[in-house]
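Undergrad: Protein chains in written order, with the numbering used here: chain A, 1 to 90; chain B, 1 to 111; chain C, 1 to 166.
Note that these hints are calculated values from the structure, not bench results.
Please note that the accuracy of each hint is not assured.
Pair by pair, the computed Cβ-Cβ distance ranges are [stated by the list, open to error]:
no.	chain 1	residue 1	chain 2	residue 2	range
1	A	Asp-60	B	Ile-9	30 to 40 Å
2	A	Pro-32	C	Ile-31	47 to 57 Å
3	C	Asp-132	A	Gly-88	19 to 29 Å
4	C	Gln-144	A	Pro-32	26 to 36 Å
In silico lysine-lysine, BS3-like type, Cα no more than 30 Å apart, as pairs [as the list claims (entries may be wrong)]:
no.	chain 1	residue 1	chain 2	residue 2
5	C	Lys-111	B	Lys-92
6	C	Lys-59	B	Lys-88
7	B	Lys-88	C	Lys-102
8	B	Lys-88	C	Lys-106
9	C	Lys-159	B	Lys-92
10	C	Lys-100	B	Lys-92
11	C	Lys-159	C	Lys-102
12	B	Lys-88	C	Lys-151
13	C	Lys-54	B	Lys-88
14	B	Lys-92	C	Lys-54
Just so it is clear, the structure is predicted and the values come from calculations on it, not from any experiment.
For every residue, glycine included, the Cβ atom is placed at its ideal position computed from N, Cα and C.
Residue-level listing of the chains:
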Amino acid sequence: MPYEIHGLSVYIYVGLVMLGVIFSLIRLAIGPTAPDRVVATDILTTITTVVLVVLALFFDRQIYLDVALVYAVLAFTAVVAIARFLEGGL
Amino acid sequence: MVGRIIGDIFLIIGGIFIFLASLGLLRMPDVYNRMQTSTKAVTLGAMSSILGVGIIHPAWLLKCILIMLFILFTNPVSAHAIGRAAYKSGVKLWKGSVCDKYGEHLEDKNE
Amino acid sequence: MKSVSRYLYTVIMFFVVWVALTGTLRWDELITGAAVSIILALFTFHIFTTEGLKNLTPKRVICGIVYFFPYLIWEMIKANLDVAYRVIHPKRPINPGIVKVKTRMKSDLGKTLVANSITLTPGTFTIDVIGDEMFIHWINVKSQDVEEASKMIPGVFEKCLMKFMD
């Protein structure tokens with residue numbers, strides 16, 4: 001049975017996550033230094049993984065879980081690579 | 001039906017922690033304090049949300065736990081990497097900071 | 001002998017991950033997974049682990065799952081309530097600084113576990129690990145002394161980990 005996506009709890013959840021994404025995007029835009037922006041990117045990638053898992057529930061497609069797992073692996077690699085680059089020893 | 005309610009509670013808790021993490025990202029004064037608030041809160045928020053999805057849809061629970069474990073192991077590592085990169089690339093601590101033993105250690109090594 | 005143990009440990013870990021990812025127990029999937037992990041482990045075992053099968057002794061596995069993991073989750077929940085308080089409070093009650101602590105863990109795996117646990121607990125995160133010294137950013141500095149800080153930050157986790165690591 002697919003998940004009923006019209007409910008108060010779903011609205012509250014989507015609202016909270018959306019506010020989180022907006023705040024992280026503000027920090028990504030105004031962040032005074034490069035590490036600030038990398039931290040914002042790190043948070044955004046984790047939120048994206050969560051959103052993919054929740055979308056798998058809402059659309060009732062199991063394949064999105066695999067997408068979320070691969071996205072988590074690639075995002076972790078990307079963030080560590082950017083951090084190594086900032087440190088100066090890529 | 002019970003699973004649905006418990007899963008919804010986990011989802012809402014996760015949403016609240018994700019919101020708090022980004023609020024901390026916006027409010028704190030320097031990179032290190034931003035990482036303090038954001039990496040921890042977002043890790044627990046993500047784990048709680050994914051566990052909620054796993055409880056609502058028990059057939060996916062194994063894969064959800066795999067994603068949770070992956071986030072739990074990798075998030076501290078990337079936080080550690082960003083923190084050291086920020087220090088090495090010359091971001092100063094906030095002016096209200098009490099002490100900086102790492103800077104003293106690096107100076108000792110250079111002399 | 002040491003490298004055979006390391007190789008077998010890598011094969012077992014790869015195979016467990018394969019089974020968890022495919023999510024089935026059909027025999028053709030299992031044979032493919034076994035072949036892939038045996039071949040892949042040949043190239044990667046020397047960077048994957050240093051201790052080998054010692055990590056899979058029943059004492060370590062059971063203590064890790066039953067004793068250490070719930071404790072870590074409980075500490076994370078406390079950390080997040082603390083963080084929530086500091087974020088919502090209008091005056092931002094923070095008192096940050098970087099302190100130096102000493103760890104008693106010997107092995108690399110133990111140091112990694114302690115450093116990651118510190119990053120996940122109340123108001124502390126590890127910036128660098130050099131030898132047995134850790135540099136920790138603390139959001140609310142209570143003591144700048146090395147000995148006292150060592151008791152307060154990694155002490156609780158070390159007590160928990162010492163029982164089954166090292």
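Undergrad: Against each hint, give a clear statement of whether it holds in the structure.
TA: Structure-based check of all given hints:
A C-beta distance of roughly 21 Å is found between A/Asp-60 and B/Ile-9, which places it outside the suggested range of 30 to 40 Å. Distance hint for A/Pro-32 and C/Ile-31: a CB-CB separation of about 55 Å, consistent with the stated range 47 to 57 Å. In this structure, C/Asp-132 and A/Gly-88 meet the distance hint of 19 to 29 Å, their C-beta atoms being roughly 26 Å apart. In this structure the hint that C/Gln-144 and A/Pro-32 lie 26 to 36 Å apart at CB holds, the actual value being about 28 Å.
Straight-line distance between C-alpha atoms of C/Lys-111 and B/Lys-92 comes to about 27 Å, which keeps the hinted pair within the 30 Å bound. Restraint check for C/Lys-59 and B/Lys-88: the C-alpha separation of about 40 Å exceeds 30 Å, so the hint is violated. Between B/Lys-88 and C/Lys-102 the CA atoms are separated by roughly 22 Å; this keeps the pair inside 30 Å, and the hint holds. The hinted pair formed by B/Lys-88 and C/Lys-106 meets the criterion: a straight-line CA distance of about 26 Å does not exceed 30 Å.
Restraint check for C/Lys-159 and B/Lys-92: the C-alpha separation of about 34 Å exceeds 30 Å, so the hint is violated. Between C/Lys-100 and B/Lys-92 the CA atoms are separated by roughly 18 Å; this keeps the pair inside 30 Å, and the hint holds. For the given pair, C/Lys-159 sits about 14 Å from C/Lys-102 by alpha-carbon distance, which is consistent with the 30 Å threshold. At roughly 28 Å between alpha-carbon atoms, B/Lys-88 and C/Lys-151 fall within 30 Å of each other, so this suggested pair holds.
A distance of roughly 36 Å separates the Cα atoms of C/Lys-54 and B/Lys-88; the hinted pair therefore is violated under the 30 Å criterion. The hinted pair formed by B/Lys-92 and C/Lys-54 fails the criterion: a straight-line CA distance of about 43 Å is larger than 30 Å.
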